[in-house]
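**Student:** With the hints as constraints, model all of the structure from the sequences given.
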Amino acid sequence: MAASASVEARLLGAMVPVAHRVVSRVQETTDTWTLELEPLGERIRPRAGQFDMLYAFGVGEVPISTSGDHDGDGRLTHTIRAVGAVTRALCALEPGAVVGVRGPFGTEWPLDEATGGDLVVVAGGIGLAPLRPAVRHALARRDDYGAVSVLVGARTPQDLLFVHELEAWRGRLDVEVDVAVDAAAPGWHGRVGLVTTLIPGAVIDPPRASALVCGPEVMMTFVVRALVGRGVPLERIWVSMERNMRCAVGHCGHCQLGPTLICRDGAVFPAAAMTRLMEVREL
Amino acid sequence: MHRLDELIADAPVFAGLGTGDLTLIAGCAQNVGFEEGELLFREGEPADTFYVVRRGRVSLELHTPARGGLVIDTLEPGEVVGWSWLFEPYVWHFDARAATPLRAIAFDGACLRGKCEDDKALGYELMKRFAQVMIDRLQHARVRLLDVYGGVGVG
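Residue numbers (the working numbering), protein chains in the order written: chain A, 50 to 332; chain B, 76 to 230.
Keep in mind that the hints were calculated from the coordinates and are not lab data.
Since the structure is predicted, the reported quantities are computational estimates derived from the model, not experimental observations.
Glycine included, every Cβ here is placed at the ideal spot set by N, Cα and C.
Mixed in with the good hints, there may be bad ones.
[Claimed, not checked] Simulated DEER-style distance windows between Cβ atoms:
| # | chain 1 | residue 1 | chain 2 | residue 2 | range |
| --- | --- | --- | --- | --- | --- |
| 1 | B | 162 | A | 222 | 44 to 54 Å |
| 2 | B | 93 | A | 256 | 27 to 37 Å |
| 3 | B | 203 | A | 134 | 25 to 35 Å |
| 4 | B | 222 | A | 222 | 30 to 40 Å |
| 5 | A | 282 | B | 98 | 34 to 44 Å |
**Tutor:** In structure tokens, the structure reads:
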């Protein structure tokens, strides 16, 4: 009975948003903004790969992965693409506005498990946002990893997130950063093609590499195939899944994918557990 | 200093061909260089030369009156630039431009077609290899039609 009450209290706590004030709002692309939020109550500390539920009062709540570091002052960083009513409302918030935040939820990128070998990070579109904390972590603890390779795909050069940070990473001598876009105006010096075209040239030792992949599911399907084709063991590849998460605690079932609930069991999963499910048309 | 047939043997599209075939192909080839921004060929022009990239990057461009230019693909070291030399009416469908300073091997398409006519075994072998290049590019183009970075647009 006492245990049941304790579970109930924990669940109730997870369902109560903590008010946060918008400190800054930075436009990344035509439809994507990064919000920095400071807590007006309890501090929330998501780790790389985890997500928070952001509540635009009077509009609704959406799951958004952390896109920053949260070791210090309790501020949260979330990068949001305006694709629906709630995300449009969140992206329109000005500094000083207040949002509700629940979290952190979900699994983390396996950054400790990846130490000692090469690390390849493959991001598509908005998928770079959940991976940015992982890259920052790896670069801050650079000696813990072998070669580090960051491969980024986007529709056009104008759709690339965190361009200045990508340039800063590329300026380092100890990390490889490569970008591919679907199409570009003449004068673009980078690669045009799928992000998968970057995988054969990545400077990694595939059998001892770990791969972190985030982007739309169709992109991740092709990336996982290409990584396995390159020789990266399937059990060393992780993907971050996105489904219709509502409660974030595994109760409502909206984010069910086969036998898993994305919010409870993920959103970061071993690719081996997901690739078969991702290819089932009915799911 | 590598000989031309040795450089050609390093290109994936010609990998594994015998010495005799490589010598025949090398007879239609020469080393070339382009400055950044220079055109290798232009849409609508006769497709009489194709290239294998040695160093640098080539962009394939489409131009439309309303939208201007668009880079639709880029080609890297080892990749083939152009297959229209192999098929009638032997006319380029895109512009190809050096996106960076470029070193490449240029092949006289008419010369190589003639050798393929004379040596059907070589012709069949090259046709299979260029068909593979075309299939790979077609599959990439089809996947890009999915707009793989578009997401599902909920929330």
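**Student:** Next step is simple, just say for each hint if it's right about the structure.
**Tutor:** Going through the hints against the structure:
| no. | hint | verdict |
| --- | --- | --- |
| 1 | B:162 / A:222: 44 to 54 Å | holds (46 Å) |
| 2 | B:93 / A:256: 27 to 37 Å | holds (33 Å) |
| 3 | B:203 / A:134: 25 to 35 Å | violated (53 Å) |
| 4 | B:222 / A:222: 30 to 40 Å | holds (35 Å) |
| 5 | A:282 / B:98: 34 to 44 Å | holds (42 Å) |
This entry does not satisfy hint 3, going by the numbered hints stated previously; all others are met.
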